[in-house]
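A.B. asks: Chains as they are written, first to last, in this note's numbering: chain A, 1 to 182; chain B, 1001 to 1342; chain C, 2001 to 2643; chain D, 3001 to 3204.
Mixed in with the good hints there might be a few duds.
[Unchecked claim] Partner residues are not named here, just some residues of chain D that face chain C (Cβ under 7 Å, in silico): (1) VAL3013; (2) THR3018; (3) VAL3019; (4) GLY3022; (5) GLY3033; (6) ILE3037; (7) ILE3044; (8) ASP3130; (9) ALA3133; (10) HIS3148.
Calculated from the structure, these hints are not laboratory results.
Ideal placement from N, C-alpha and C gives every residue a C-beta, glycine not left out.
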Amino acid sequence: MSKRRHIVVLAALLLAGCAREQRNFREATPSNETGEGVQMSDIAPGHSAERKPNANPYEDSAYSVSQGKQLYEMYNCVGCHAHGGGGIGPPLLDAKWIYGSEPQNIYETIVEGRPNGMPSFRGKIPESQLWEIVAYVRAMSGQLPKDVSPGREDHMYAKRPEASTPKEHPPQTNVPPGQKEK
Amino acid sequence: MKRRSSFWLVVLCCGLACLVSCHGNQSALDSKGLQAARIERLWWLMFSIVVAVYLVVLGWFGTAVLRSRTRQSVQEIPPQVNVEADRRMTVVVAWAIGLTVVLLFVMLTASVRTGHAIANLSSKNPVTIDVIGHQWWWEVRYEATQADQTVVTANEIHVPVGQPVVIKTSSVDVIHSFWAPNLHGKRDLIPGYQNAVWLQADQPGTYRGQCAEFCGHQHAHMAFFVVAEPLEKFNAWLAQQVSTPAPPSDQVSKQGEQVFLSHTCVMCHTVRGNGSGGKLGPDLTHIASRMTIAAGTLPNNRGNLAGWILDSQSIKPGNKMPPNPLKPDDLNALLEYLETLK
Amino acid sequence: MTPTEQSAVASAPDIDRLANLERIWKDPSGFWGWFTHVNHRSIGKRYMVTAFAFFLAGGVLAALMRIQLSRPENHFLGPDLYNQIFTTHGSTMMFLFAVPMMFEALSVYLVPLMVGNRNICFPRLNAYSYYVYLAGGLLLYAGLFINTGPDAGWFAYVPLSGPDFTPGKRSDIWAQMITFTELSALAVAVEVIITTFKLRAPGMSLNRIPLFVWAQAIVAFMVIFAMPAVMLSSTMLLMDRTVNTHFFNPAEGGDAILYQHLFWFFGHPEVYIIFIPGTGIVSTIISTFSRRRIFGYTAILLSMVGTAFVGFGLWVHHMFATGLPQMGESFFTAASLMVVIASGTQVFCWLVTMWTGKVVLKTPMLFALAFFFVFVMGGLTGVLMASVPVDLQIHDTFFIVAHFHYVLIGGAVFPLFGALYYWMPKITGRMLSETAGKWHFWLFFIGFNMTFFPMHILGLRGMPRRVYTYSSSMHWASLNMLASAGAVFMTAAVLIFIANFFWHQKKGELAGNNPWGAATLEWATSSPPPVYNFAELPTVNGRDALWDALPNQPIVEGLDEDCRQVLVTRVMDADPDHRDEFPEATPIPFIAAIATSGFFISTIFTAKAFFPTIIVVGIVLLIWYWPRRQPSLRRKEREIWEH
Amino acid sequence: MGTLNQPRPLLDVSRTPTVVFGHRSIIWWGQSGLMAIEGTMFAIFIATYFFLRTRETDWPPGFDLPALKWGSINLALLVLSAVPNQWLKKKSEQGELGAVRIGLIAMSLIGIVNCAIRAFEFPSLNCVWDGNAYGSVTWTLLGFHTFHLVTDTCDTLVLTVIMFFTPIEGRRFEDVSVNALYWYFIIITFIATYLVIYWAPRWL
């Protein structure tokens, strides 16, 4: 019996290896219009609008997370959030999340924008890159597994890379902003 | 004897090969520049020595095998020693080694002299071009005394004919290698280093070059063009590149500019004059004046531009430009606008 | 030769003494027994089979590359998969086939036989080195099959292979594979040097050592001084990728050129490590099939030593395009040209050996002759790229691909096939078929030239290296198609060789002791040799051991017969010095190899695994070293201290 | 090999020794092979240190100079330990079991003390390995030497235990003599490492 369990564990490990190394270049973009409207409540006319998948497919692929890191710098998120330490924008390294730490919440924050200066990037950043940036933002607080998170980068050594940052534990808040947590 | 005929066959195709490889774009033996010509002359000198040595060695080898070949099997022939023949042969070998050393010295001196000749090309105020390597395209900047006079373009370098030009190479990500075989040898673009390459094109024309150091997924599609043109044409081109294109006049181009500013293009690209400032992608201020797009991969026409905008990943899988699904009329307006950016 | 004294006359070796020798020297058989073997011939055969299997795997990858490049804008392989395939092809051929086969396999099997002893020195370390090498190869191919094959080229320049531009574990697996293979090469290097200088048959003074053994000993010295450089560069790359050191980070004081210096300081000696055994093989084969002792033994030997020394002084010719100072580059041009003198001398000496001998064109000789044709062309194109200006035009183009295939396949694979045809009768006891051999030779020779000669022209036309595709406007298509067609011939040739190998095991003609009438000591014993190699340890009376042997050549007598005792001789004239005892079969090397693999592979994923796994390795090595009670007591009462 | 049936003269080696020391014994050659390999690693790594020095304007860049205290104590102790080491080597080659046992205990203690000092030495380097290239090179060079120091201390401890608790034979004395040689290698490489880590930043 133990031999079969070893094989299963090995297979799982190999599969994890495959996913981590996946280089997905061509994303079939779901719709012409990038990004959906704001989801205020579950009641909706006609069929129930299926919500965005909570799991981000890019969180297993080290390549996508490193692309997200390059986009984070190139799209000037560094301007406000610095390398995660925060500045004009709130820090992204810590466990405090105003609008929720699930991929879906971060995706909506980027697409819709937030008061006090967070611009809306709907239509400005294609879908695949949005999800790559979301994956990287979660990696900054150590949410992703260590072998997927990016290692040291070839720039000044601003902070320990995501692969070495300890995992933060944000409180589970799916409560929309403004309401008090239960 | 079988060996003989195949030997002559190789020599024949060796000669044929040289002819075939002589002319043709991006060929090292079709020199159009001062340095490439010197290197080509050195190449033919060393090549002729090498072929001569090869023929001598093969000749000696062929006769040796033919002369001492026997049909007998290995057991029947006892190992024999001929001390007298060995002594004579020692002299022959000594001469052969001596000749080898002499030939090597000839090649060494020729090589070092050519090396110095191509290295000390210089002039007082040459046209200075910064070539900065990105993952899978070339950023080209013409320095100028005033800041607003610097020209930023991509994948296409215009040089005046007959004048030395210095190219300062550096890289923002991995190691690339700047190589236009018709003009000069290659020089690596290494992050953390600033190399300088002196070029001089002697004949006007368009010379294709390609990245020669493996740099990732799209190393194969990272080409550039050096356009050598007379001085006045070069100055006209430079002036045109410095100028900011006039804002679009007709209705469709205006809508195209709006599409450019409201969609994903503005995040990565810059068009001087319409307020965009993205740094991730090449500068598109004078995109319409360039011969190719996507680092020499596609000729620059409306059809290729549309295909490249909509789904660049099918042409250069792995490059930084994402697929951009645009509504047909937006796409059409954008293409109109881009074609005004002469 | 001053033997202690020549006393009693040797009685014919009686049967039960041989049976006793067989019992003492035999390693256990069966499945579990396989892991306990310490006999140098069984480890040597495993090296050969594994290295040849990796050669076939590398060949399959090469075939995939040739299919992709046969037509412009081909979509057979995407860029990501093509990059993994060409990198794994390069790494397999260099680290898993060339060095292990040309150096480790041939020296582990043949050197003890050719110096006339019963086993290689440090037999358990020898077994350990094989398992570590096997683990390294499996790691690389496991990586390739789970889409984690290295994709930054076989020398993985930084920063492309660095943490920033190769996310995931691809470069880590490549770097750790290097640590595995270099560890096994270093272990075998130490063994070969000690076996060559301390375990020779009495009478085999330094100037009577066969050229093949000299070649392997010189290569062993090169391995000892070259491999540390690549182990350092791959370890530094691994540390950059896992524990955030900044060796190669340009922004924090690191340097990308440092990696190139470290790698090529090893890189160029590596290609000589692959080529010099080739010269040893060619010297042996040409001497045997020209039916005369080699001409210019000292000249060839000094050339090998010269190649070895100069080989360490010319690594910068791989970096001419990086913009190093002009003066430095000319120095390296001169050094690169100097190495041609040594190779030239060897070629001239072989030509004279054939000129004044009786040439018998058997298959091994055919492959040795192809060496002249192919290697000399490769060497001469090498002379072309030694000059800086010319190299600036042809560096990193297909001209270089053509050059190193001519030099490596000409300098190593052709002599290797010759060696396999030459020594297979000694290994398996049966002859390989001559007709199949000739078909194999001509198909391989023609296919090789068809594949790689056009690449010279492609390089001159500006086709850079490692491009997964090219546009049809570049008129490279016809030559690439020709090259791909040539690859088909080479594949057919290798298949014929495999068929010949399996056919000859059953139906090959029985070989007997010395089918080629050769001169070196391995032909003095039966084919395949018994477990103890030589019934009576031979002594040597001249440079060609069998040709110069006296009718009543003395034999060594007086070694204990109830344990694996071995005669150790002095360095200069191989006079008997003292007797040493080699260990019995034991599974410890296999267990130690597993522990070492666990240590290497776990440190890829997390640096925290360093201490626990290194302690496990320490414990296993402690068990390896711990003296066994019985043998210690037996040796205690019989030992003689040096007087 | 001459005709088999004709009786052939014998070369009798039965009275040659089985226990030899110095360059005659195989284990000495194996140890020399290891020292050659590790010596090359040290040499190349020190060359890397100076190569990286050429890439910086000031050295150490952004860090204080490494404190001399613990390093110098370590060096002094190592150099002094050459005396008992030589004594142990001579005694082992004479085969005096009692003296060898005492020597081994002494060398084990010296090794342990040195490892303890080394634990203090790392913080006194005044830099972190992931700070910049200087920090990486300094830490790795000292770590590399520490790896050898700890390995040889363990070797000496194992030899001490073997000398006390398992049957003693000539080979064990050979091993002790060769292990003393390895200790010399540790001393010499630490002199080089010490000069590079502590004095190169001060002089260059």
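A.B. asks: Run every hint past the structure and note whether it holds.
C.D. replies: Going down the list of hints, with the structure as the test:
1. VAL3013: holds (4 Å)
2. THR3018: With Cβ-Cβ at 5 Å, under 7 Å, it holds.
3. VAL3019: Given a least distance of 5 Å, the restraint on D/VAL3019 holds.
4. GLY3022: Constraint on D/GLY3022 not satisfied, violated at 9 Å.
5. GLY3033: Nearest chain C Cβ about 4 Å off; hint holds.
6. ILE3037: It holds, given that the least Cβ distance between D/ILE3037 and chain C is near 6 Å, below 7 Å.
7. ILE3044: Hint on D/ILE3044: holds, closest Cβ of chain C at ~5 Å, below 7 Å.
8. ASP3130: Given a least distance of 4 Å, the restraint on D/ASP3130 holds.
9. ALA3133: Since the shortest Cβ distance to chain C is 3 Å, the answer is holds.
10. HIS3148: violated (13 Å)
Comparing the model with each earlier hint shows violations of hints 4 and 10; every other hint is respected.
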